[in-house]
Every structure is written in C-alpha cells, then in structure tokens.
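For the record, the sequence lines run as chains D and Y.
Take 0 as the starting number for the first sequence in numbering that gives the first Met the number 0 and just add one per residue.
Take 0 as the starting number for the second sequence in numbering that gives the first Met the number 0 and just add one per residue.
Rather than coming from a laboratory, the hints here were simulated on the basis of the structure.
Don't take each hint at face value.
[As the list claims (entries may be wrong)] Far from chain D, by Cβ distances over 12 Å, these chain Y residues were calculated:
1. Met148
2. Asp270
3. Lys313
4. Thr358
5. Asp434
[Claimed, not checked] What follows is a list of derived Cβ distance ranges for each label pair:
6. D/Arg9 to Y/Ala186: 50 to 60 Å
7. D/Arg9 to Y/Val275: 26 to 36 Å
8. D/Asp43 to Y/Gly135: 51 to 61 Å
9. D/Ala73 to Y/Ala186: 36 to 46 Å
10. Y/Leu93 to D/Val72: 28 to 38 Å
11. Y/Asp394 to D/Asp42: 23 to 33 Å
12. Y/Leu332 to D/Ile86: 50 to 60 Å
13. D/Val72 to Y/Gly407: 45 to 55 Å
14. Y/Glu456 to D/Val72: 46 to 56 Å
15. Y/Arg370 to D/Asp43: 13 to 23 Å
[Said to hold, decoys possible] With the C-beta cut set under 7 Å, the calculated list includes, among others, these residues of chain Y facing chain D:
16. Pro71
17. Trp196
18. Met223
All of these numbers come straight from a predicted model, not from anything done at the bench.
Beta carbons are placed, not taken as given, at the ideal position from N, Cα and C, and that holds for glycine.
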Amino acid sequence: MQDGLPDISRRIPRLQKCIAILWPSFLTAIVATGLFFSAFDPDDLFPFGADLEISRLGIYTIGFFLFWLVTAVAGIGTLYFAITNCIRQGLNKPVD
Amino acid sequence: MTSPASRRPAETRTDDKLEQSLYAKREKIYPRQVHGLYARLRLAGVLGLLGIFYFTPWLRWEGHQAVLLDLPARKFHIFGLTLWPQDFIYLVFLLIIAGLALFFFTALAGRIWCGYACPQTVWTDVFLWMERKVEGDRMKQQKLDAMPMSAGKLRIKATKHALWILFSIWTGFTFVGYFTPITELGARLVQFNLGPWESFWVVFYGFATYGNAGYMREQVCKYMCPYARFQSAMFDKDTLIISYLPERGEPRGSRKRGADPRALELGDCIDCTLCVQVCPTGIDIRNGLQYECIACSACIDACDDVMDKMGYEKGLIKYTTEHEMTGGKTHILRPRMVVYAVLLLVVMGIFAYSLGTRTSLGLDVIRDRNRLFRETDQGLIENVYTLKILNMDKDTHRYNLSVAGIPGLELHTDMSEIKVMAGDIMELPVRLRADEAELTARSSKIVFELIAADHPELAVREEARFLGPR
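With the rest of the complex left out, here is chain D (with noise of 0.2 Å):
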C-alpha cells in the first residue's frame, strides 16, 4: 500500500497507521466477545465440540482473536478510504 499511494500515506509513520488499525480494533473486539458469548455458549454453538478437545476458554481466545481480525479488517478498510479520499481530493500535497 506504502509504495502507491503518494505523499500522504508515506507521511503517516507505518506504526502509527498499525496502532491506527490494531488499537481501536482490540477494544471493540473486546465489547463483541463479551456480548456473543454472554448470548451463545460456546457448548452450544459447537455440538461438536467434546470431539475437537477444545474448553470454554480455548473457545473464547479463538473467538476473541477472529473478532479482532473482523474489526481490524474494517479498521484497514476505514484507513485505505481516508488516505485514498484525501488524495483524490488533492489534500496530499505537503502542507507549507
């Protein structure tokens, strides 16, 4: 992404824009793991479940971490239009 995108998108240390994504993504991730699995039980959701040998908590990490992935995937998304907006709309060029 770095490489194609002029100016702007360079000028946004790439920490910075990982924090951007991971950050407000992890604190989400968090609210949806409690909510989905306050609903479901994971002993419900997977009958199965006995048969892949994996506890309550094994069940919880995994969901905790595709949640994440999920919100981190939107926080790329939100982060790829704002930075490609902005150079559609000329506001790349160097501030002074």
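Assemble chain Y onto chain D, guided by the hints.
Quick look at chain Y alone, frame taken from chain D:
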C-alpha cells in the same frame, strides 16, 4: 470553541516537527523523580489500586474465591452474589455508571483519572520506580543510554528487563487469576503445568503490561487514549486544571538567591526547567494547558519546592480554574454538574434496585432446530423444545411448569418432577401439542411459566413461538 486543547498557544507548535516521527523515533522522556504533597497522594493511589488488583483474587468468601469471573463455567462470583450470562445487563449498567462517573469527575476536577488512577499511569509509575532503582536517577539514566554497549551496561539493562518481565508475568498471572481459580492456577504454575490457553493469556497480558508501562508510556496517553481526545469537551471555566500563572511568573529568568526580582524586572519563574524535567509527558506547563498534560501534578510539587527555596510564595504552578485565573470565583454547583450528578444517581439507583430485586431463577426456551413441527397419530400438531432452567438461588428447589397461549395446549415431559440443585442448570425436553383448529396463524405466541413449588415468589415467564401448518 473554548476547549482547552484549542486554547493551546502557538509556541507549542514547534513540538509538532518532532511529533511527525511519532511512536517510533520519539525522544525518550526521563521523568525526574519528584517529592511533595501530590507525589505522596499519587503514591497512595498507586499502592492502593495495585493492592486491590493483586490482592483481590486471593480473597476468600464462604469457602470459594471471593471474586471469580469463572468464564469456563459461565458464572461470575462476586462475594455472595452469583451472576450468570443472563445477567449481562448488570455489566452494561456498570459500564454506564463508570462512564457517567468519568463525565462527572472530569467536569469537576479535570483529568484526575489520568494523573492518579489510570492503569497506564499506575503501572508506568511502578516501572519507572524499578528503572530508577536499577539505573539510578534521571542524569544517570541519560548517561547510561548515551554510553556505548559494555558489559556493565548490559548487566544493568538485563537486570532492569528481568525485573520488568517478572513483574509483568505476575501481573498476567493475577489477571488470569480473576478468571480461573487462582490457588489452583498458582499450584499449576509452580509445577509448570498451566493449560495452553491460560499460559497464553498470562503471556499476552504480561506482554501488554511490559510494552505499555516499559516502552509506550506517555505515548499511550498522547496517541492511543480515546479519553484524552474527548475529555476537553467536558471542561468548562470552573473545571480544576493545573496551570502556571504567567502574570506572576513572567518575565522568567535566572537570578542569584536573595536577589530582588522586581529590581531585575523579573517575575517569580527562575526558569530552572524542573517543571519540564519532572513531566512524564515531556511538556512545558508554562506554555499553557496542553492536551498532553495528564494532570499528574508533578510540576506543582517541583515548583513549590523551588519557590520554597527561593523564599517565594508557593503556587506559581497550581490547581486552579479558568475563572479563578481571570480573577473570578469558581462555581462548583453549575447546571452541567447537576445534570451529570442526577443522571449518575438515577442510573445507580436503578442498578441497585434491579440487583436487589433480582429473581434467582432463569428460563431459556430453545426450539428444536431439526423440525418445525410434526403431526401426531392423534392428529395434533406437536412442537418440541428444550427448556434450560437455571437455579441461581442458594437452595435446591422443585418447580411447577405451565404453558399458555393456545386453547387446549398440552404439555408433555418425561420427567416426573422438575428439581434443580442450587447453582445448577437443568435441560428439560418438552413437547407441546395443540389442535390444528385452534391455531390462528402459522406462528403463535405462547408463554411458559415456571414457579418454585415452595416459594411462589420465585417465578419466571418466558415467551416462545408455536409453529403450525397454517
């Protein structure tokens, strides 16, 4: 707009060049240690809060862990109370109360949360303390970092990181101890026999502690914290802020002790820059209120100390309000405060009432997923359900089950009696049969009612759908 962030004076913009290389190439901040009234208050806060965090999982209550958010068993034990997933609403209430309290205290006293109670501040303080114990004070730390790597430097750095890592692992272990019984967890930890998921979370939480308190520090507040971004919206001219008094301090300048500042045409600020050196976020409070300021009041302690030594009055940097600074009076009772307080009290009242009158009986109705309905040999329409009965009470109870909603609806179960042990869940398969002629729609509303035989006030109703061909 009069939010403090926008009132930031122009000269601080020079920092922005530095900030463009955010996160990665920031200038490391070496906060100088500070002593004084607020430092003692902050220490009390740190010790109190960390004490609560590390000690709570070890508390016992009636033979079990007093606070155990038992995720594997889907039960939260909080002293005498047992909460189930069905009680999720209480968690929502708690979050609303926490949010409103944050609004209330921010409007009243500014960012006291940031300075005294935020986990980021509290753990950073502990990590700074360990760093100071191993590497020495600010000057020594700066010298050490500037030195080329040597055996001595490696030893010092290794000691610091070992301490940090040990403390982080303990933190991660304590965190997991809130979710699985901590005594068992401790026993398994010393045998190196933790489950894979438990080990994962100990390491994950430990790593987060190590990274946030050891490295990220003030960057979390500056770049990652949502509260830091919107807290200024709750500020008004009567909110407590930490401020330098420019009328008194300016023009700043160094001088000999005992020199008359008036004769030198100087203000009270001797430009010793101690307020900058002690700042954990590396700002100069004399440039005015800045969003980086976490209101930790370290600069107040540092400046008061200097004022004392110079024989000047304390309070060149102090807790004040915008009204007070412009010569007015601070109003504590103002519409904003009243609204926040009333909202807070109402929500807390509802929370306490609903928790106090909570029925310790739960009923879940799950329809058979395999088949919508079937016709029996007698020509009746049959629907199959599984009822989950949760006895959230301390005692075992027998229950009577009934159902209503369709005339002549029959209830069949294979159990002769419904008896559920304390704290247990019973799965009860039931079959409902109705005459097709009585069905007015494809889907009809029915209501299950469950009443404890010995305690009629222990009752619960749950709606469900009865499906038919029509």
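Okay, the hints, checked on the actual structure:
| no. | hint | result |
| --- | --- | --- |
| 1 | Met148 | holds (24 Å) |
| 2 | Asp270 | holds (31 Å) |
| 3 | Lys313 | holds (40 Å) |
| 4 | Thr358 | holds (18 Å) |
| 5 | Asp434 | holds (32 Å) |
| 6 | D/Arg9 to Y/Ala186: 50 to 60 Å | holds (53 Å) |
| 7 | D/Arg9 to Y/Val275: 26 to 36 Å | holds (32 Å) |
| 8 | D/Asp43 to Y/Gly135: 51 to 61 Å | holds (58 Å) |
| 9 | D/Ala73 to Y/Ala186: 36 to 46 Å | holds (42 Å) |
| 10 | Y/Leu93 to D/Val72: 28 to 38 Å | holds (30 Å) |
| 11 | Y/Asp394 to D/Asp42: 23 to 33 Å | holds (26 Å) |
| 12 | Y/Leu332 to D/Ile86: 50 to 60 Å | holds (51 Å) |
| 13 | D/Val72 to Y/Gly407: 45 to 55 Å | holds (53 Å) |
| 14 | Y/Glu456 to D/Val72: 46 to 56 Å | holds (49 Å) |
| 15 | Y/Arg370 to D/Asp43: 13 to 23 Å | holds (18 Å) |
| 16 | Pro71 | holds (5 Å) |
| 17 | Trp196 | holds (4 Å) |
| 18 | Met223 | holds (5 Å) |
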